[in-house]
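Undergrad: Residue strings, one per chain:
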Amino acid sequence: MISQEFDYAAPDTVQAALELLAEPGARPLAGGMSLIPLMKLRLTAPEKLVDLRRIPSLRSIRREGAFLHIGAMVTHYELESAPLIRQECPLLAASAAAIGDVQIRNSGTIGGSVAHADPAADYPAGLLALEARVHLTGPTGEREMAFEEFVLDPFTTAIEPGELVTAVLVPVEDPGTGVYYQKHPQPASGFPMVGVAARIRRQNGHISFARLGVTGLSGKGYRAREVEARLIGKAGAEAEVKDAAAATADGVEASSDIHASAAYRSHLACVAAARSILRSLSAAN
Amino acid sequence: MSTVTTETPTYVGKRIKRKEDPRMITGTATYLDDIKLPNMHFAAIVRSQYAAARIDRIDTSAALALPGVVAVFTGADLEGVGNVPCGVSLPGLRIPPHPILAQGRTYFVGHPVAVVVANDPYLARDGAELVEVEYTPQPGVSDPEKALEPGAPAVHPEWPDNVAFVHKQENGDVDAAFAGAEVIVKQRMLQPRVVANPMEARGAIGDYKSAEGTLTLHSSTQIPHLLRSIAAAVLGVPEHKMRVIAPEVGGGFGCKADVYAEELLVCFLSRKLARPVKWVEGRREHFQATSQGRGHVDYYELAAKRDGTILGIKLKIIQDIGSHQQLLTPLIPTLSVLMLPGLYRCKTFRAEVVGAFTNCFPTDAYRGAGRPEATYGIERIVDCLAVELGIDAAEIRLKNFIEPQEFPFSTGTGLIYDSGSYAATLGIALETVGYAALREEQRAARAAGRLMGIGIATYGEICAFGPSPYTPAGGWESATVRIEPSGQVTVHTGISPHGQGEETTFAQIAADELGVSMDDVVIVHGDTAIVQYGIGTFGSRGTAVGGTAMFLAIEELKKKILKYGAMLLETEEVEFSAGRVVCNKTGASVTVAQIAAASYRALKLPPGTEPGLVATSFWEPTNFTFPFGAHIVVTDVDPDTGEVKITRYVAVDDCGKIINPLIVAGQIHGGVAQGIGQALYEQMSYDENGQILSGEFTDYAMPKAANIPFIESLHTETPSPVNPLGVKGVGEAGAIGAPPAIVNSVVDALSHLGIRHLDMPLTPEKVWTAIQGARA
Amino acid sequence: MKINGSHTLQGSPETIYASLMDPAVLAQCLPGCQELAAAGDGIYNMKMKVAIASISGDFTGKVAMENLVPPASYRLRVEGAGRIGFVKGQGEISLSAVDADFTLVGYEGEVHTGGTIAAVGQRLVDTTARMMIRRFFEKLDSVMRAKPGLP
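Residue numbers (this note's numbering), protein chains in the order written: chain Y, 1241 to 1525; chain X, 29 to 804; chain Z, 181 to 331.
Check the hints yourself; a few may be wrong.
[Said to hold, decoys possible] List time: in silico DSS-like cross-link candidates among lysine-lysine, alpha-carbon distance up to 30 Å: (1) 182(Z) / 268(Z); (2) 1280(Y) / 227(Z); (3) 1482(Y) / 794(X).
Worth flagging that the hints you see were computed from the coordinates, not collected in a lab.
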């Protein structure tokens, strides 16, 4: 299919991008892996695309104290392969590596994915488990908020008109934390039917810290706090973990489509949670 | 006395890289969309977003007002222009009129309602968006079984029972066989629609030149000559003034062995607008308006003795026809009936095919065209019998196989299988996979709670279409072999390869036969103005039928070459050997090149011989050929998620003589990949009214590289006696063997839980739900 | 696609029922509704502009209220068609008092989609439909709370 005609600009600073985006009908273009297909299907028709790919300040990865500051335009491939990420935030690297295929990962960006807020994206599971933060820049200045509060609904975030996601912040992982992203892909699109990311720490043979993020199950990703609570203090035997994980889908309105019913998806979430936790445990000290 | 001997082949049988590939992988091949003609305009089609609907109003004014748009046409403008044809005749076949653009009513989502022509493809698409159509949706039906129920919405008001045709065939005393049976197994099986999805979708350019009254149709087609004859007839263009050119075609798999509304439409547009008009299919359009494969609801019954001997087979096929009959639509399920007994000697059967109209685009040929469906059915029901009787799956097959001494074997369905060694081929598969050890492993796995399955599928198939009385448009094939004055060789073949590699394999054969280098042979195909009339490429016939025509033309040339050789060497004691005519007494020789030069220069001619070295052969095959094979698949089923993993895939295929093992391997890999797609991933989904639910790759699951296991591919070579090359054909084999082997494997993994059958595609949820149900 | 669910709203069944029948209220609450014009017999012609993520489309269609049994139940039919596809939904709406101040509004019905959004968006139809229904009720709740004179 062919998109409608559009104008195109490629600024080299965030400030210039914000000015261009203030015009009506202007939309930001990150990796284009979600936007361009929608344009080709004529489900959307921006009048002007403001290409963010030439803004160097959005492409950096750096350590800032206890956090890693990741520019919005860092690609999934860069996150899966950068030594700094693989060492200091292996869960983020694993999440990035699970996205789509090589071509998508070479183009798609973490900022674009976060701003798009697809309920079946891969990142939310890991970003929730990491208690990540989102950095926004707009005409009125800079602000930051928890990723968990940033995503409101399918494709709906707390972004204000004219704002851009400019960075994602994730914590430098404590050594000894075991992490894993367990994904069950939908065989056509490759999106997770369900994806669960876990971060587990042990002390004296018992689970002392657990964070579990779930994506794909419903309209937005969520922290499985009940499961986390059940894990604390446990030794982590398979039966205990499965028992804790049985609460993964509780109280969540699961989606249904031609690939998976709500009931199967909920079941799959519990299975994915158990596997994610067990694999994290075997990686934890 | 001259004798003919041929040297030991130097190319045939060798793994040789394809001549086609360099141009394809360097982007220099010319596909349909690469073609640019002077003043070429572009067509964008307005398609219905409803399946069954009445068209109340079409407003083209906004589209016409868009700068760049030169014309907009609707059904009313094409009244009187011919219909999209069906080439099949069956008793009682109902062929609904199939106008090129919808007339007053639509029948399927994507039905062309209007067409916008502009000087730029982008403006054409913009223009199409501006055409306003008002519809009144009608109730529709997408399930073929539901369509046949009383009270279902009538797809065509004149046929409220939605029956497109009924085809019956039987042999032997079926009722006695079933009455005397010691065991009867029954199973309903679904073979859902699948979408062909060649990498290159369809496309066509119509180029009418009014001053000459000639029409050239460029089309991504598998059947250029047949398309020419049919389109000329439909459009009222004299056949000799019509030319069809198949450019590089990026895959067809049967969906391009057809005649489509869009191909006829671009011809109409070009004639009307006096300029070339191009239409290129978008992927979404491919899901809407290109023929699809399979679409069966099968009811099988098998009667047998306790020792596993099959006594009789009953089969009812409900075939999802779609809304109209495309070129071969109703023929496909009748081919399933022909292959109903598979490799087994049972000749007693009763089959009934009921074609059902639905509000979806028609089904037609798709890799295997009716034979994968038959193989799936018989292999599944034989496995059901094996489980019922507690007999091993391999043993029950060996018990019922036709044996080597029984060939040629007349089946109860009217076919004569040419040659086969079914037990030997299955034996190789069993040994390669380590069958006995696997069954041991399975016992241990079950005890440990693991779900491991071993699935066998043995298949036979009808290939090398075929003797003309049994084909809708003739089944012979043609070749003209031309030795140029330089001694180099040009072959014009009537087949139309689109990925099969005959530019390479034919060059191998011709080079060996004439004793020249492969680099000195070029194979030309696809242009009806250049190549003599041919039938085309489908039904695994390219090398078996087309290659044979070429071989026979070369035989004719060799006779002439010998005459010239005898003249030049001034002796009758000559033979043909390795590209030379040699005197057996003196060893003196002349090359084919020298003979070619002499024959065209014609200073002196042998008695009764014309100048030149050109020969044409039209070869009518005496029979189909019958490749066969055995596939064994080992699977692991995750009991918690239902996910299926193929842990081993062994394929032993017998395609007769192998010309190029590299190309044969490619065909097996590709066919198996499509079979894996059908078994585990692919299903075209519609809602009950005919709304498309899986209209893009986001929801239609194509198998990807990561989904394909390592394929252990072996071969036996049982030459076919039908053609001098001994070739049976291999294009469809993988797609035939894979689905039953995989489904048999997964059902085997779950059989100890009491599960007897699961329908394709074996999605994780379907498998998991069956496991839960069995454990309840 | 079958959908069902419920929302608790502030107000009595009578006031909420009346609001649900009020085209001015409906026009505020139906997500993206730009125009709702009475055509008689409980039928309203509608223009909507739907914007979810980047997907945006104009829809025209109608809303119909049938089988009215105030203040307990009615059937709601919504149809909208546009360039990107069409939606047809129908549901049985039921109202019952939870206590003096709150009403439970339940819905049970079916949604059919067609055209492009159905063909390429199957994985999102369910989540999107639920989201739009939820937004409808959230908006209705805030409209109800803003009404003067509510208990």
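Undergrad: Hint by hint, which ones does the structure fall short of?
TA: none
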